[in-house]
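A.B. asks: The chain contents come next:
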Amino acid sequence: MRVAELRLAFWNVQNLFEPKVVPRGPQSEAERDDKIGQLADQISGFFDSNGPDVLGLAEVGSQPIFESIRAALNGTYLALWEGPGQENQTGIGLLARSPTCTDLEHLAVDRPTITSRPRCLLARITLAGVDEPFLLAVNHWKSRLKSGGVDDAADRMESSRWLGDLLAAEDRTTAVVVIGDFNAEPFEAPFNELGIRGKRHFSSALWTGGTPAYLYNTAWRAMTEPALWEETNVPDYEESRPKTSHDDSPGVIYDQLLVSGRVLKHGPITLHERLIGYHHNDDIAYRTGNGVLRPQRWTYANHATFAGASDHFPLLATFRIRDSE
Amino acid sequence: MMSKSFADRLSDDLKNAQKPEFGQAYKALREIAEGIREALSKGAAGQLDVVLEPGYVTNLGQQYRLRLGIPARKWEETLLRAYIPSEGFPIKLDLGDEEPVTCGDRKQLDDAVLRFMKKPEVANRMSTVREML
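Residue numbers (the working numbering), protein chains in the order written: chain A, 699 to 1023; chain B, 8 to 140.
Only chain A is shown next, with the shape it has when bound in the complex (with noise of 0.2 Å):
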């Protein structure tokens, strides 16, 4: 079967933990039921209820927790699973739905060590009738917690470097997409040269000296305010889009998706970019007193009182799959 288009999203689940293994995660195992259960019917709706197509998830504590999520959604999904290296710690997770996935193929993973979450898992996807795969990297970088003096900017750095030299390794023609929660802005140093090169122009990617590790990074245009200032001076203003992807104040745009040239022109599949966005309903945001989106965390009472999901936004993308318009 062959579709035309590849629906990809990310998704950032918030200390979805086993029950009572950090005080910041589930506290039962109806909590951790009732998160999963609100977390894949969310999933679920993605692009008009048909789901993702790809699906990359970041702090999601166990194997048994990935594989319920899975096993919840619609269809049936290629999976690769790179777990926590200790209890308290989360894994990364990524979803192909067959038969728009052929293949899903694990290349690489970064583990600073061997207790440490992992901060990247690069993956090949192979697409039914496309003879050309393509790469997508899912990250979740070190958090910005300072609570102990971790050197968390250095460790994101490290990240970076990490897949900027494997991917500055790769023929310029491959086609990589480069999604998560990099808990750094697209201003910031692991965007630079040194690392991966998260770039604000088309031309940056596109460029024939570049290499996949040369990236248009879509989150600029998340940057700004979605609305002009005189529009957004008025009574009940609300705005259309999130300026933010985590709950933060002021706003902060963590989870990011970026392309190299051969995902923007020619490659087995191509930027759809006014379809990339992220994703929000009454269930997982809400609005300020000035009409600012913010993602609802996750709040449990009891299995009849709880309310959102995670403190960041699912992001959401839509590409075109080559031969198949």
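Simulated from the structure, these hints should not be mistaken for lab results.
All C-beta atoms in this analysis are idealised placements derived from N, C-alpha and C, irrespective of residue type, glycine included.
Treat the hints with care, as some may be off.
[Claimed, not checked] Okay, derived cross-link-like pairs now, DSSO-like style, lysine-lysine, Cα gap no bigger than 27 Å in a straight line:
no.: 1; chain 1: A; residue 1: Lys718; chain 2: B; residue 2: Lys126
no.: 2; chain 1: A; residue 1: Lys718; chain 2: B; residue 2: Lys34
no.: 3; chain 1: B; residue 1: Lys125; chain 2: B; residue 2: Lys22
[What the hints assert, rightly or not] Over 12 Å on every C-beta distance to chain A, these chain B residues come out as not near it, computed from the model:
no.: 4; residue: Gly50
no.: 5; residue: Asn66
no.: 6; residue: Gln70
no.: 7; residue: Ser93
Since the structure of chain A is provided, determine the placement of chain B on it from the hints.
C.D. replies: Quick look at chain B alone, frame taken from chain A:
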């Protein structure tokens, strides 16, 4: 009088620039690495390398990656990361948690690494490493 060559001047400068405290802390870390190599290699026929690779200079100090390697299998991995400030101790260990473990002296360093190594997930892995030798 002949002026010193660039190499000699650099050699002197490097020697003078390093505080003895840094050298002591680095030596302690090297001894830990050697202790890990000795313990894991005991009774094994194959070669296990345990080396300290310098990583980035960070606000916690110079990073070292303590790496295990089995040349015959072309296999290697990072066991832990350590940070030594210019002033030597305290060394900070990144053992995979959100926060580093601060080791104020050699005994604390030994104890922290021993606690880490006997965690079931680490001990199990070390058992596999021994099997691979």
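A.B. asks: Hint compliance check: list the failing hint numbers for this structure, sorted ascending.
C.D. replies: 2, 3, 5 and 6
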